[in-house]
Each structure stands twice: as C-alpha cells, then as structure tokens.
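According to the numbering used here, the sequence shown is numbered sequentially starting from 21.
To be clear, the hints were calculated from the coordinates, so they are not data collected in a lab. Glycine residues also receive a C-beta, built at the ideal position from the N, C-alpha and C atoms. Treat the hints with care, since some could be wrong.
[To be verified] Just the calculated beta-carbon pair ranges, DEER-fashion: (1) Thr-108 <-> Thr-219: 33 to 41 Å; (2) Ala-211 <-> Asp-133: 20 to 28 Å; (3) Ser-110 <-> Gly-184: 20 to 28 Å; (4) Asn-58 <-> Thr-185: 48 to 56 Å; (5) Asn-58 <-> Thr-222: 33 to 41 Å; (6) Asp-250 <-> Asn-58: 29 to 37 Å; (7) Ala-165 <-> Glu-275: 13 to 21 Å; (8) Thr-278 <-> Glu-113: 50 to 58 Å; (9) Thr-309 <-> Gly-267: 22 to 30 Å; (10) Asp-127 <-> Thr-309: 29 to 37 Å; (11) Glu-229 <-> Thr-278: 42 to 50 Å.
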Amino acid sequence: MNAHIPGQPLPPKKDRREVARETARIQREEQEKRDARNRWFLRGGIGVALIAIAAIVAFIVVGSIKPPTPGPLNMASDGILLQGDGTTVSAVETDATEPDADPVATDVSALTDTVNIAVYLDYLCPYCNQFETTNADQLNSWLTAGNITLEIHPISILDNSSNGTKYSTRSANAASCVANYSPDDFLDVNAALFANQPTEGTSGLTDAELVSLVETAGVTDESVATCITDQEFSSWVGAATDRALEGPLPNSSLEALTGTPTVLVQGVQYSGDLADAAAFETFVMEQATATTDTSGGTSTEAPAE
21 MNAHIPGQPL PPKKDRREVA RETARIQREE QEKRDARNRW FLRGGIGVAL IAIAAIVAFI
81 VVGSIKPPTP GPLNMASDGI LLQGDGTTVS AVETDATEPD ADPVATDVSA LTDTVNIAVY
141 LDYLCPYCNQ FETTNADQLN SWLTAGNITL EIHPISILDN SSNGTKYSTR SANAASCVAN
201 YSPDDFLDVN AALFANQPTE GTSGLTDAEL VSLVETAGVT DESVATCITD QEFSSWVGAA
261 TDRALEGPLP NSSLEALTGT PTVLVQGVQY SGDLADAAAF ETFVMEQATA TTDTSGGTST
321 EAPAE
C-alpha cells in the first residue's frame, strides 16, 4: 500500500481499497515470478546433477567392460599342447586367435606316434587336483619320453565359489599368461597352481600371490606379471569356457563339457577313479593299443612305463 503523505487529504475509502488490491496483486505476481524462477533453478540443478551422475556411471561401466581381445599365443586350440623329445618338455607354438575367432583344433592325425591326452581343468576344482596329484608323475614321465602329448585346457566354471574374486578366471588367466610369454614353463606352473590350490568357498590367491607363484615356479619374463595383474586374457578365458560348455569338444565324441576334470585319451573319456594311478594307466594302455578310436586315429605304441 502507498504511504500517506502528511498534509494531504486521505483518498476516499473506495480508492484506498482498490489501491490495496492492486498492490496485493502486484506482490502476488512478483512472488509467483520468484517461485517460478526458483522452481526452474531447482529443476535445472537436479537435471545437471543427474546428467553428471549418469556421465560418471557411464564412464565406470564403459571402463569396466573390456573389448574382446586376441587369445594367447600357443593356445590356438583353446589349450596348450605339450610334447617331449626324450629329455625335455616344450610347448607347440601356435599363433594367437583373433578376437571372437573360432579356435583351431589340434590336428591329431599328425600325432600318430604318440598317445594324445587332453585335460579340461579348473584350478579351483578339488577333483582336478586329485587327478593331478595322483597321475602327474607318470604323465610327466610319458610326456618327457615322447610317448604322449598332453593338451591342457584351463577353464573357469567355479568363479561362484571364491567369494566374488573370480579365482577360477584369474588362475586360468595366469596360466594363459605363461602360455603366451613363457610357454615352456607351463607344466611347472600348472603343477604349482594345484600344489597351492585354495579351498572352494575361499577368496583364493590374490593377483600378487599368483605373480609370486609363477615366479617361484621358474618364470622370469616380467611380461607375465603384468599380464596377470592386468588380467590380459580374462575375457578370452570366459569365451573359451563358453565354447567348452556349448561343445562339441574337438577330437572326441563328447557333445559338451559337463564337469572337470574331463580327461580324454585318444578322444575317449576316462571315467575311472581319479585317485587310482593304476586304473588310469590301464586305461591309457587300452587306448594306446586300440586299432581305432573315437577321433579316427590309428593304433600306436603303448607309453613306456
């Protein structure tokens, strides 16, 4: 309301009411404008905050998704093929598979002078450890002598059994790093991973402990340590595991992997006692002397004892 100036007569009551109403109207309009501006700024502030949050989330998600990477060297079949020459064991060299490319199955038709054994394993699997502990010595003896080839396929089907650390994937990645950068040390690292196998339901070894493990096993190439901590082949491990689970398994009649360990001798699955070295040896001898096998191979000499 306008202030009354001393010495002047007051306006009539009717005019005073109209002035009051007009003043109130102007005040209401001004308040409505202020409220509208405040609402706009509030909405704008929330919008900016939401956009910022969305950008941060997108950055984290995109940063956590690794694009498909090439597979490791010397594992074109999704496994590493080891052979002996009478004194030493070495890995058969192969190129890396391109991202999302199909693996190249080992040509067993070129391996007629040896018994061909393939093992699909998970480094957290206690039954795989049981098979390894029971049969490692005779497998290594046959392999060094050149009587067998040994193809090892590290996979990850027990990630849910390591308190969220995905130990199966990380240990298989460590083995793949060795295959890529220091392949002739693979067999020693394979043995070390089982000798230091964590119990199912625990977090397993850290990446730093895996680095220490492979170095203690004899790996000197520093690229292996970086590969392990960067989990360079973790996405490939997942893809190789999916391929095994979807099947079919190459050089065998198995439609798909159903568990670990899966042990194939001349393409035939071993279903005997994992803790009975004599039973496994008998099975190997049977497949070695067979005239045919499920993979279409020919007969071979039995492994030397």
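Status of each hint after checking the structure:
no. : hint                            : result
1   : Thr-108 <-> Thr-219: 33 to 41 Å : holds (34 Å)
2   : Ala-211 <-> Asp-133: 20 to 28 Å : holds (26 Å)
3   : Ser-110 <-> Gly-184: 20 to 28 Å : violated (37 Å)
4   : Asn-58 <-> Thr-185: 48 to 56 Å  : holds (50 Å)
5   : Asn-58 <-> Thr-222: 33 to 41 Å  : violated (56 Å)
6   : Asp-250 <-> Asn-58: 29 to 37 Å  : violated (50 Å)
7   : Ala-165 <-> Glu-275: 13 to 21 Å : violated (33 Å)
8   : Thr-278 <-> Glu-113: 50 to 58 Å : violated (31 Å)
9   : Thr-309 <-> Gly-267: 22 to 30 Å : holds (28 Å)
10  : Asp-127 <-> Thr-309: 29 to 37 Å : violated (22 Å)
11  : Glu-229 <-> Thr-278: 42 to 50 Å : violated (31 Å)
Going down the numbered hints, you'll see the structure goes against 3, 5, 6, 7, 8, 10 and 11, while the others check out.
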